[in-house]
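Those protein sequences? They're chains A and B, same order as listed.
Residue numbers for the first sequence follow this note's numbering, so the first one is 1 and each next one is one higher.
Residue numbers for the second sequence follow this note's numbering, so the first one is 1 and each next one is one higher.
The set of hints was computed from the structure by calculation and includes no laboratory data.
Beta carbons: idealized from backbone N, C-alpha and C, even for Gly.
Be aware that one or more of the hints could be misleading.
[As the list claims (entries may be wrong)] According to the in silico footprint, chain A covers these stretches of chain B (three or more CB under 8 Å from chain A): (1) 79-87; (2) 156-164.
[Stated by the list, open to error] With a cut-off of at most 27 Å between alpha-carbon atoms, the simulated DSSO-like pairs for lysine-lysine come out as follows: (3) A:Lys-64 to A:Lys-165; (4) B:Lys-51 to A:Lys-188; (5) B:Lys-93 to B:Lys-16; (6) A:Lys-188 to B:Lys-16; (7) A:Lys-64 to A:Lys-36; (8) B:Lys-16 to A:Lys-17; (9) B:Lys-51 to A:Lys-64; (10) B:Lys-145 to A:Lys-64; (11) A:Lys-165 to A:Lys-191; (12) B:Lys-93 to A:Lys-36; (13) B:Lys-145 to B:Lys-109.
[Said to hold, decoys possible] Here are some, though not all, of the chain A residues that point toward chain B, as calculated from beta-carbon distances under 8 Å: (14) Leu-48; (15) Gly-55; (16) Ser-82; (17) Ala-85; (18) Ser-104.
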Amino acid sequence: MLRTDALQAIYPDIEDKIVVTIMGAVAAELYMLGHKEHFFYLEHAMGLASSMGLGLALALPEHKVVVIDGDGSLLMNLGTLSTMARYRPGNLVHIVFDNESLLSVGGFPTATSTGTDLAGIARASGVPSVLEANTIEQLTTGVSQALAGETLTTLVVKVEAIGPKTFFMDLGLLENRFQFVRALEAMKQKKV
Amino acid sequence: MPVSVTHSRVIYAALKACDVRIISALPETWLVHLIRMAEEDPEVTLVRLAKEEEGIGISAGAHLAGVNSALLMQNHGFLAAINPIVSLALLYKIPLLMLISYRGSFGEKDPWQTQGGLATEPILRALNIPTWHLTDPDDVTRRIKDAQTLAHASLHPVAVLLERELMWED
């Protein structure tokens, strides 16, 4: 499965949700599919997208928050799984694209390429719902199920280590940040 | 345990006066009462971290969602969180209200705290993080509010160093 195809398949489900992605290839791919002002691309601070997602989910319990994480990033902050599991916000969906590679920085293999099992770590950390997807169908079913439910879900998706031709995004970091705040304010107003 | 309950109460009340709703923390001796107060407060979500750097992400998420947060950390926890402070908070102009117990400074008896004590202020200065040394209980409410005000106005992290004479009763 190509990650860009996977993103395209779940895009209709996530396009109206608050989304936080990690840096690099996946940010560029989501951006190219169609940027929304309630999408935030964390272009550094590797490992922290899930922590940001936890902060957002705790701050906005009425809204669904989707984190798009990767194996390299998650391996940098494995403690996040235990913290998410501890507070288990039911409005948080944590998708991990596992391409067994640090693709954006030269494609060096990560520990998932030699057997580290992120879904297993998530389960053992106490994440109440852990799903795995190896096909587009498993992925879309999993994402729909997680978004429809009220259970913190980590969904580990095995994808090929292939990224976009360019990582260029015509969106300044601070432009993204301030847009995102405005979009969240508007979403909060709508709910009230 | 000679950690001051009275002064911890004053500090906690100051955080409440700042309308702090999310507190992330990693336990350390000087912070025990503050963490218990947060835990028992139904108006506050206490997030117990595995490592302090997570707290930078949590506060960033909370801020972008319009919710006030604070971080309770030891200065070694601050040291552990430097990359996210740089590559999330400073990069994206995220205000952080960091209450840092200042171990390893004057009066420290634990040798293992002393290197962190020596490194804390130079690193805060290197990161251009405005810092207040909190020593006087009568000053707590004002300074914590001022710290939050500056953080929000400048969209920048600020540090309040909780000093031994405030936190510890020998």
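Hint-by-hint comparison with the structure:
1. 79-87: That given contact holds, which follows from 3 residues of the stretch 79-87 of chain B lying within Cβ reach (below 8 Å) of chain A.
2. 156-164: violated (count 0)
3. A:Lys-64 to A:Lys-165: violated, 31 Å
4. B:Lys-51 to A:Lys-188: violated, 30 Å
5. B:Lys-93 to B:Lys-16: Cα-Cα ~24 Å, so holds.
6. A:Lys-188 to B:Lys-16: Holds: Lys-188 (chain A) and Lys-16 (chain B) sit about 23 Å apart, inside 27 Å.
7. A:Lys-64 to A:Lys-36: Answer holds: Lys-64 (chain A) to Lys-36 (chain A) is near 15 Å, not above 27 Å.
8. B:Lys-16 to A:Lys-17: Roughly 31 Å between the alpha carbons, so the hint for Lys-16 (chain B) and Lys-17 (chain A) is violated.
9. B:Lys-51 to A:Lys-64: holds, 25 Å
10. B:Lys-145 to A:Lys-64: At roughly 32 Å apart (the allowed maximum being 27 Å), Lys-64 (chain A) and Lys-145 (chain B) break the hint.
11. A:Lys-165 to A:Lys-191: violated, 39 Å
12. B:Lys-93 to A:Lys-36: holds, 21 Å
13. B:Lys-145 to B:Lys-109: violated, 31 Å
14. Leu-48: For Leu-48 (chain A), the interface hint holds, since the closest Cβ of chain B sits about 4 Å away, which is under 8 Å.
15. Gly-55: holds, 2 Å
16. Ser-82: holds, 5 Å
17. Ala-85: violated, 10 Å
18. Ser-104: violated, 15 Å
Violated hints, listed in ascending order, are 2, 3, 4, 8, 10, 11, 13, 17, 18; each of the other numbered hints is respected by the structure.
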